[in-house]
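Q: Chain A is already provided as a structure; the job is to place chain B on it using the hints.
Protein chains: 2
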Amino acid sequence: MSERTAALDPDVIEDHEALDEDYVLTASFVEKVVDAADDGDGMRLRSLLEDLHPADVADLMGFLTVEHRAVVVLWLPPELLAETLPELDDGIREEVLERVPNATLAEALQELDSDDAAAVVEDLEDDQREKVLAAMPATDRAAIESSLGYAEDTAGRLMQREVMAAPQFWTVGDTIDHVRAQGEDLPELFFDIYVVDPLNRPVGGIPISGLLRAARSVKLSDLMEPVNEIAADTDQEEVAYVFEKYHLISAPVVDGAGRLVGQITVDDIVNIIQEENREDILRLAGVADEDRGSSVPEIVRSRVPWLAINLFTAVIGASVIGVFEGTIQQIVALAVLMPIVSAIGGNAGTQALTVTVRALATRELNSSNAPRTFVRELVVGMANGLILAPIIGLATAFWFRDEDWKIGLVIGTAMVLNLIVAATIGVLTPLTLSKLKFDPAVSSAVFVTATTDFFGFLIFLGLATLVLL
Amino acid sequence: MSERTAALDPDVIEDHEALDEDYVLTASFVEKVVDAADDGDGMRLRSLLEDLHPADVADLMGFLTVEHRAVVVLWLPPELLAETLPELDDGIREEVLERVPNATLAEALQELDSDDAAAVVEDLEDDQREKVLAAMPATDRAAIESSLGYAEDTAGRLMQREVMAAPQFWTVGDTIDHVRAQGEDLPELFFDIYVVDPLNRPVGGIPISGLLRAARSVKLSDLMEPVNEIAADTDQEEVAYVFEKYHLISAPVVDGAGRLVGQITVDDIVNIIQEENREDILRLAGVADEDRGSSVPEIVRSRVPWLAINLFTAVIGASVIGVFEGTIQQIVALAVLMPIVSAIGGNAGTQALTVTVRALATRELNSSNAPRTFVRELVVGMANGLILAPIIGLATAFWFRDEDWKIGLVIGTAMVLNLIVAATIGVLTPLTLSKLKFDPAVSSAVFVTATTDFFGFLIFLGLATLVLL
Numbered sequence: 001m002s003e004r005t006a007a008l009d010p011d012v013i014e015d016h017e018a019l020d021e022d023y024v025l026t027a028s029f030v031e032k033v034v035d036a037a038d039d040g041d042g043m044r045l046r047s048l049l050e051d052l053h054p055a056d057v058a059d060l061m062g063f064l065t066v067e068h069r070a071v072v073v074l075w076l077p078p079e080l081l082a083e084t085l086p087e088l089d090d091g092i093r094e095e096v097l098e099r100v101p102n103a104t105l106a107e108a109l110q111e112l113d114s115d116d117a118a119a120v121v122e123d124l125e126d127d128q129r130e131k132v133l134a135a136m137p138a139t140d141r142a143a144i145e146s147s148l149g150y151a152e153d154t155a156g157r158l159m160q161r162e163v164m165a166a167p168q169f170w171t172v173g174d175t176i177d178h179v180r181a182q183g184e185d186l187p188e189l190f191f192d193i194y195v196v197d198p199l200n201r202p203v204g205g206i207p208i209s210g211l212l213r214a215a216r217s218v219k220l221s222d223l224m225e226p227v228n229e230i231a232a233d234t235d236q237e238e239v240a241y242v243f244e245k246y247h248l249i250s251a252p253v254v255d256g257a258g259r260l261v262g263q264i265t266v267d268d269i270v271n272i273i274q275e276e277n278r279e280d281i282l283r284l285a286g287v288a289d290e291d292r293g294s295s296v297p298e299i300v301r302s303r304v305p306w307l308a309i310n311l312f313t314a315v316i317g318a319s320v321i322g323v324f325e326g327t328i329q330q331i332v333a334l335a336v337l338m339p340i341v342s343a344i345g346g347n348a349g350t351q352a353l354t355v356t357v358r359a360l361a362t363r364e365l366n367s368s369n370a371p372r373t374f375v376r377e378l379v380v381g382m383a384n385g386l387i388l389a390p391i392i393g394l395a396t397a398f399w400f401r402d403e404d405w406k407i408g409l410v411i412g413t414a415m416v417l418n419l420i421v422a423a424t425i426g427v428l429t430p431l432t433l434s435k436l437k438f439d440p441a442v443s444s445a446v447f448v449t450a451t452t453d454f455f456g457f458l459i460f461l462g463l464a465t466l467v468l469l
Numbered sequence: 001m002s003e004r005t006a007a008l009d010p011d012v013i014e015d016h017e018a019l020d021e022d023y024v025l026t027a028s029f030v031e032k033v034v035d036a037a038d039d040g041d042g043m044r045l046r047s048l049l050e051d052l053h054p055a056d057v058a059d060l061m062g063f064l065t066v067e068h069r070a071v072v073v074l075w076l077p078p079e080l081l082a083e084t085l086p087e088l089d090d091g092i093r094e095e096v097l098e099r100v101p102n103a104t105l106a107e108a109l110q111e112l113d114s115d116d117a118a119a120v121v122e123d124l125e126d127d128q129r130e131k132v133l134a135a136m137p138a139t140d141r142a143a144i145e146s147s148l149g150y151a152e153d154t155a156g157r158l159m160q161r162e163v164m165a166a167p168q169f170w171t172v173g174d175t176i177d178h179v180r181a182q183g184e185d186l187p188e189l190f191f192d193i194y195v196v197d198p199l200n201r202p203v204g205g206i207p208i209s210g211l212l213r214a215a216r217s218v219k220l221s222d223l224m225e226p227v228n229e230i231a232a233d234t235d236q237e238e239v240a241y242v243f244e245k246y247h248l249i250s251a252p253v254v255d256g257a258g259r260l261v262g263q264i265t266v267d268d269i270v271n272i273i274q275e276e277n278r279e280d281i282l283r284l285a286g287v288a289d290e291d292r293g294s295s296v297p298e299i300v301r302s303r304v305p306w307l308a309i310n311l312f313t314a315v316i317g318a319s320v321i322g323v324f325e326g327t328i329q330q331i332v333a334l335a336v337l338m339p340i341v342s343a344i345g346g347n348a349g350t351q352a353l354t355v356t357v358r359a360l361a362t363r364e365l366n367s368s369n370a371p372r373t374f375v376r377e378l379v380v381g382m383a384n385g386l387i388l389a390p391i392i393g394l395a396t397a398f399w400f401r402d403e404d405w406k407i408g409l410v411i412g413t414a415m416v417l418n419l420i421v422a423a424t425i426g427v428l429t430p431l432t433l434s435k436l437k438f439d440p441a442v443s444s445a446v447f448v449t450a451t452t453d454f455f456g457f458l459i460f461l462g463l464a465t466l467v468l469l
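Just so you know, the protein sequences line up as chains A and B, in that order. Counting in the UniProt record's numbering, the first sequence runs from 1 upward without gaps. Counting in the UniProt record's numbering, the second sequence runs from 1 upward without gaps.
Chain A with its partners taken away, still in its complex shape (with noise of 0.2 Å):
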């Protein structure tokens, strides 16, 4: 088939339609794959997958079931397969793993920058990651290994070992002529070149923008400026945090004694950012992890454990009603306004919250303004209760004007000590975990509204049994 006739093609022409205007999969290309699979057409399939982006390959299985998965598996071409995986949600990747053969998959890892297939390594079985390190060749599988040998979550597991030094003797032209001839074992894409001592200890870096201005003569020592090292045993969250900081697109990793060992690029850390992010939203509603390609029993695994801590919590805030069931019997409407105080107060706990654990992740957030910010909370908490206090206390004395207005009284203050109550609590729960070195946004959202809720019940109910009685 010519060129020309190609682009008449309609197969071609509808192939082209894969993405809609917002870089999305369109559901009619999807549906295509899923009717291809279905015929078992693998050319077909292969012909509409070979165009694909790695990135939207990985899309593209999220939106298929586990059936359908494995047949597209099937049909990708090795090298697009490799870049696909470490672009897969984890419970995808380790599905399409295990039903990749070892030989193939030893092939598609040598494709790879060692921190992606390090990534891949890192999620197969015991015995098949020993088949497959096996079956590679012994310089990819000692990077492979050497990778592993940090930390989950740290820069070393983030870094490539590939990375651009240069002595700080040499020139421009010097640096020019060295990639030009080294090209092919430095890093795919590199966007500074770090300058090393004699102990390949960095000392500066240039970014290569400021190398193709500068003239061939100059010294690298005269170009560089100031690096951001970061040591290979930082965690992933810290790496991040400096990154966004000072806007930095690669930085130079070092070991214990300061030798550069590799480097991280920005597009990782775009990555780490949204995984950290996932988990703070996630973590706050009591999500403990979970993906698109996550099973029902990964998903009530994940969701379960919250909600029974919670049904233990609420179990404790309906005690605090059972020591008043004798002052209930007697105005039944407290049964019916009780759970107004609760909910308002658990949603203002939630607020305050919620700001302080996102302060606290953006470390906007620290022991310098810590009281400031929990003056600032209190103030705002006891604002918001004299602003609702009065709405809920005429209404509700007009409600029950046939019992007793003064229960509009009582609602009113139980409503604005609750909010005071949420202030606190709010900002203390996560500054409280976070000092203790643990993630404020997990399990807070539970003790916040547990507490709103005792003491929502405890302070209404009590203030009922005192002035209405």
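Warning: the hint list may mix true and false statements.
Computed from the model, here is a short list of chain B residues facing chain A with C-beta under 10 Å [what the hints assert, rightly or not]:
(1) E31
(2) D35
(3) N102
(4) T104
(5) D268
(6) A335
(7) I340
(8) N347
(9) Q351
(10) N366
(11) N369
Derived by calculation from the structure, the hints in this document are not laboratory data. Ideal Cβ placement from N, Cα and C applies to all residues, glycine included.
A: Okay, now just chain B, sitting in the frame of chain A:
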């Protein structure tokens, strides 16, 4: 003072301790700045501040009070002030801008890239903006005005106009020579070279590490790869998605006719991703818009509307209880237990909601897998219910064994049903909002918990009336 003694000067040693090992300003450093500001010791302030990175100055401002910020701004070296402005939180930036003389500001802005300068000018009050722009050279003014001509939160506003473009027929050598000669007019940092046709439309891109690697005689058209063009009117969230998905470091921005008008670099994208995540997490908790620079009245304005809506929905929930006053009068235990049913429902609903909002934000969820996701959540809700119902059912039957063991049956059944309601509403609410082009995070939570409260009370008290009376 010689270099040698400088290292021993206690002040200098102290200054090096501005940051702790986590790159966060130390409390003792902040205190020193506060003391110097209180003493009005400008020289001391300047010596403390001058070696800080602009991002750290911005951080410092966040830890200070309004009064201390005013003193610090006064003593910040002008270039450092300029570079700090784009790093500040919105609220603090507005406050700082009001204190800087227009002439100083006009001078400072000329130090910045066009996107950063525009971001600052955007925050000025109308009359200050006119005066500052009038005090700038015509070319800088034109660049800023053209940037402000694009709608807020679009690629046009985000891009910098400085960009490295080269015609297709150039060789690697031509390009390097051009960069060396024209370095001044090029962006301070660039990562890709955009190859353009005679109408200045991008036809490809070359990472500059690729340019370095190639021989001088190689033609750019042989080296270039396809490039992700971004239309100037694209929403910034869309831009961030494309960068993240395809791991871009920079991308060319084009006007309506496809002509190259600027570039966006990944460091700006990292900020946007954080900003969008912040919005999502705060909106889910019912916080409209606030940051650490917000005053108490601003925070109250940001939170009270949500609490007021929640008050309204809580009253609706309470009125359901009101319908069953007669039942509660006869069995007060129901008043004790009903908050348990609504609390678990609210939590399960929030779990489903948060997972759905997150999947929509990362585009893992769209119309092609929405039905499957919905069914999965229903199954999860039912499974959660079947796990938790026996626990609470048996506990309740034991707790109220003197009254009626069937109350355990009622609460268990109500909980299963309410968890199914929670799953349904938790998924459908954000999906519907998103379909209607609303932000699925905003106001979802209030609707979800209101619904689970309403149905929790209705199902529990309704069942109790049927079974126990």
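Q: Compare the structure with each hint and give your call.
A: Outcome of the hint check:
Below 10 Å, beta-carbon pairs count as interface contacts, and E31/B has one with chain A at about 7 Å; its hint therefore holds. This hint is violated: D35/B has a C-beta 13 Å from the nearest C-beta of chain A, more than the 10 Å allowed. A least Cβ separation of about 28 Å between N102/B and chain A goes past the 10 Å threshold, and the interface hint is therefore violated. Proximity of T104/B to chain A is violated relative to the hint, the smallest CB-CB distance being about 24 Å (cut-off 10 Å).
Interface restraint check for D268/B: the shortest CB-CB distance to chain A comes to about 9 Å, inside 10 Å, so the restraint holds. The closest approach between the C-beta of A335/B and any C-beta of chain A is roughly 4 Å, which is under the 10 Å cut-off, so the hint is satisfied. Look at I340/B: its Cβ gets to within about 4 Å of chain A, closer than 10 Å, so that hint holds up. With its C-beta approaching chain A no nearer than about 5 Å, N347/B sits inside the 10 Å limit, and its interface hint holds.
For the restraint placing Q351/B at the interface with chain A, the shortest Cβ-Cβ distance is roughly 5 Å, inside the 10 Å limit, so the hint holds. Among the interface hints, the one on N366/B holds; its C-beta lies about 6 Å from the nearest C-beta in chain A, closer than the 10 Å criterion. A least Cβ separation of about 5 Å between N369/B and chain A falls short of the 10 Å threshold, and the interface hint therefore holds.
The structure fails to meet hints 2, 3, 4 from the earlier list, while all remaining hints are met.
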